[in-house]
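Undergrad: The whole structure should be built from the sequences, with the hints applied where relevant.
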Amino acid sequence: MLEIRNLHVTVDDKPILRGLDLEVRAGEVHAIMGPNGSGKSTLAYVLAGREGYVVTQGEIRYMGRDLLALAPEERAREGIFLAFQYPVEIPGVANVYLLKAALNAMRRHRGESELDAVDFLALVKGKLKLMDMDEALLYRAVNEGFSGGEKKRNEILQMAVLEPRLAILDETDSGLDIDALKVVANGVNAMRSPERAMILVTHYQRLLDYIRPDRVHVLALGRIALSGGPDLAQDLERRGYGWVEAEAQKRHAASAGGPG
Amino acid sequence: MGKRSVQLDELISQEYRHGFYTPLDVDDVPRGLSEDVIRVISAKKQEPAFMLEWRLKAFRHWLTMTEPHWATVHHPPIDYQDIVYYSAPRGKADGPQSLAEVDPELLRTYEKLGVPLQERELLAGVAVDAVFDSVSVATTFKEKLGELGIIFCSFSEAVRNHPDLVQEYLGSVVPYTDNFFATLNSAVFSDGSFCYIPPGVRCPMELSTYFRINARNTGQFERTLIIADRGAYVSYLEGCTAPMRDENQLHAAVVELIAREGAQIKYSTVQNWYPGDKDGKGGIYNFVTKRGDCREANSKISWTQVETGSAITWKYPSVILRGDNSVGEFHSVALTNHWQQADTGTKMIHLGRNTRSTILSKGISAGHGSNAYRGLVKVAKSAAGARNYTQCDSLLLGDRCAAHTFPYIEVKNPTARVEHEASTSRIGEDQLFYCQSRGISAEDAVSLIVSGFCKEVFRQLPMEFAVEAQKLLGVSLEGSIG
Ligand SMILES: Nc1ncnc2c1ncn2[C@@H]1O[C@H](COP(=O)(O)OP(=O)(O)OP(=O)(O)O)[C@@H](O)[C@H]1O
Ligand SMILES: [Mg+2]
Chain W
1 MLEIRNLHVT VDDKPILRGL DLEVRAGEVH AIMGPNGSGK STLAYVLAGR EGYVVTQGEI
61 RYMGRDLLAL APEERAREGI FLAFQYPVEI PGVANVYLLK AALNAMRRHR GESELDAVDF
121 LALVKGKLKL MDMDEALLYR AVNEGFSGGE KKRNEILQMA VLEPRLAILD ETDSGLDIDA
181 LKVVANGVNA MRSPERAMIL VTHYQRLLDY IRPDRVHVLA LGRIALSGGP DLAQDLERRG
241 YGWVEAEAQK RHAASAGGPG
Chain U
1 MGKRSVQLDE LISQEYRHGF YTPLDVDDVP RGLSEDVIRV ISAKKQEPAF MLEWRLKAFR
61 HWLTMTEPHW ATVHHPPIDY QDIVYYSAPR GKADGPQSLA EVDPELLRTY EKLGVPLQER
121 ELLAGVAVDA VFDSVSVATT FKEKLGELGI IFCSFSEAVR NHPDLVQEYL GSVVPYTDNF
181 FATLNSAVFS DGSFCYIPPG VRCPMELSTY FRINARNTGQ FERTLIIADR GAYVSYLEGC
241 TAPMRDENQL HAAVVELIAR EGAQIKYSTV QNWYPGDKDG KGGIYNFVTK RGDCREANSK
301 ISWTQVETGS AITWKYPSVI LRGDNSVGEF HSVALTNHWQ QADTGTKMIH LGRNTRSTIL
361 SKGISAGHGS NAYRGLVKVA KSAAGARNYT QCDSLLLGDR CAAHTFPYIE VKNPTARVEH
421 EASTSRIGED QLFYCQSRGI SAEDAVSLIV SGFCKEVFRQ LPMEFAVEAQ KLLGVSLEGS
481 IG
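From first to last, the protein sequence lines are chains W and U. Quick note on this note's numbering: the first sequence kicks off at 1 and runs consecutively. Quick note on this note's numbering: the second sequence kicks off at 1 and runs consecutively.
Just so you know, these hints were derived from the structure itself, not from any lab. Note that the Cβ used here is the ideal one computed from N, Cα and C, for glycine as well.
Below, a list of computed lysine to aspartate or glutamate pairs in the DMTMM-like style, where the Cα atoms sit at most 20 Å apart:
(1) Lys129/W x Asp177/W
(2) Lys455/U x Glu89/W
(3) Lys455/U x Glu144/W
Computed Cβ-Cβ distance ranges for the label pairs, DEER-style:
(4) Arg400/U x Glu144/W: 24 to 32 Å
(5) Gly52/W x His420/U: 31 to 39 Å
(6) Glu3/W x His420/U: 51 to 59 Å
(7) Ser147/W x Tyr408/U: 35 to 43 Å
(8) Lys129/W x Trp70/U: 57 to 65 Å
(9) His404/U x Asp13/W: 33 to 41 Å
(10) Ser147/W x Arg400/U: 31 to 39 Å
(11) His420/U x Lys125/W: 40 to 48 Å
(12) His404/U x Asp116/W: 42 to 50 Å
(13) Thr424/U x Asp13/W: 24 to 32 Å
(14) Ala71/W x Lys412/U: 53 to 61 Å
TA: Spelled out as structure tokens, the structure:
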């Protein structure tokens with residue numbers, strides 16, 4: 001579904017990603033871990049198409065197409081969803097209105113008719129229950145005055161309504177209390193399916209106890225420095241990232257010095 | 001990221017849809033202003049002597065005045081002798097008596113503008129007075145309103161048929177000495193709307209005036225006078241458009257509102273005069289004096305305005321809170337794009353005890369637009385317990401536009417409470433991207449964010465106008481959900 005090859009990305013002329021490779025197949029869940037500032041959110045933004053994140057080398061293919069050729073809204077309509085690490089507030093715009101506008105934009109793109117208010121509300125209310133959210137949040141301005149945890153839940157609510165093909169969850173677990181973490185994990189698990197892939201960016205093993213990933217990657221020094229099965233997360237929890245970075249450094253020096 | 005800013009500017013700009021010109025046979029006076037011209041205007045309108053006297057007093061006073069230059073707006077000098085002060089579609093000398101007598105070409109013009117003058121179910125909730133260049137061409141639903149004792153007619157008709165009311169109230173809120181443009185208007189005003197709601201009557205439909213400047217080199221100087229007698233209620237709407245022209249045209253109107261004991265007047269404007277082109281060429285100079293007088297206790301006047309047009313907007317709809325417990329409100333959205341300039345705001349003058357006022361101003365600037373809020377809150381010694389709350393928010397699109405806030409506060413009574421809050425924000429790259437990442441196009445995202453910003457003001461508008469206002473801001477109809 002997603003193939004990233006030799007991806008180099010700069011932000012304000014500062015190189016952040018330097019030769020990242022990653023492949024995600026339909027039905028898989030991948031966890032991406034890594035130290036603060038290593039470029040996890042950068043990767044998420046590049047996938048979603050944020051301006052200012054300049055790809056200087058490499059390619060990204062999504063469903064067999066060149067992802068980088070698509071505008072952000074086109075990517076969304078093609079099924080890419082990013083749950084933001086820091087969800088954005090939009091004063092005066094009702095949460096429910098943003099949701100409806102988004103869903104109908106997707107439906108139009110797929111050649112389906114737009115949902116009317118009644119059908120739409122029925123759909124959203126079902127998803128609200130799944131996320132154990134108060135209906136009142138629907139009528140408040142998007143993320144305005146939401147608590148940290150409410151913002152994160154709201155992101156997953158949007159995901160549940162929009163039903164993406166590839167969901168990227170950037171630290172959705174950060175700031176959630178223990179009960180909320182379970183609710184969010186249940187919501188995510190309910191959406192796992194053979195047609196859908198997910199990338200979970202996280203710092204904590206705890207999320208992965210609830211959502212068991214197929215692969216775990218460590219992002220360091222601008223690339224995937226280490227990949228492994230679900231147990232890798234436990235190693236990292238115990239040993240930290242220092243050793244991963246040190247080894248990556250060594251390998252990098254070796255390959256840079258070598259003839260290849 | 002500069003590229004994005006440019007794109008943003010394009011997004012909220014749209015072509016002016018009302019820029020066509022209607023060729024008509026007109027009756028006008030020569031360019032320029034003199035006592036003679038004023039006498040001619042007054043004679044054409046068959047006015048009583050008191051009216052002519054008033055005009056001449058205003059004109060003589062105007063000659064002693066100079067154009068004000070304190071606003072943050074800039075324009076080349078206006079040649080007041082190069083303006084045609086009276087232009088009317090030719091017809092019966094005393095104006096059409098019914099819709100059947102109105103030139104069909106004119107009716108078509110209004111159809112095109114989306115203001116059908118036929119009294120049919122489409123507009124059943126709104127009575128319209130249409131002012132075309134200098135004269136009122138049609139007033140609808142006159143009879144139906146007449147049954148309730150409501151007078152809704154053109155100003156000229158009011159001068160002829162209700163001279164006592166006109167004489168009692170004309171200039172009682174905005175005297176002919178008030179300011180340069182109001183004084184000019186007092187001398188040359190040609191028509192406008194007049195409205196009187198008798199005691200205890202709640203006007204059952206929205207009253208509306210639609211102003212249209214059509215002729216070239218013509219100024220429009222209309223006057224509106226609305227009187228709500230004891231315990232009466234009226235909601236009044238005003239809309240405006242003009243053809244696209246390269247030269248600037250002057251619009252200097254005066255609106256006076258009088259609310260007597262327990263009366264309420266709600267006055268809404270959607271101003272969409274031609275704003276000039278992308279390079280700042282042409283457009284209307286909109287120099288308007290609007291003022292309401294809460295003359296007696298427990299009365300209420302609220303102004304709601306959505307200002308999207310004009311090359312220059314200079315207006316400060318104000319309320320004099322004379323009666324005890326009276327309430328004044330001002331809700332405003334002003335959008336400036338390309339080279340448009342707006343200097344707008346309000347004055348709340350608290351004289352009575354326990355008077356309250358609320359000011360909510362939303363300024364949106366894009367392109368090279370400049371937007372200034374200028375507001376005065378004045379609490380006199382007599383106004384014990386007066387309260388004011390002011391909120392001024394500015395939204396910037398792109399980095400070449402400007403927003404300014406000039407709050408003036410004068411408080412002479414220690415029991416008064418005056419609060420002021422202000423904010424300036426830029427449409428965030430992050431907000432746009434957030435919407436786009438949900439599948440919403442950049443264009444729709446801007447509309448969404450702008451309509452969110454204006455929501456509290458749009459909520460104050462009557463339904464039909466809220467829709468129009470949203471369209472004007474390039475916002476889809478669905479924006480009102482939730
Ligand atoms: N506009 C910018 N200008 C310069 N540097 C930037 C800019 N945006 C991001 N960076 C830098 O890019 C690097 C990667 O940031 P990113 O947000 O991708 O890290 P992260 O792995 O998500 O970190 P965290 O775990 O703290 O969320 C950081 O060093 C950050 O400071
Ligand atoms: Mg991050």
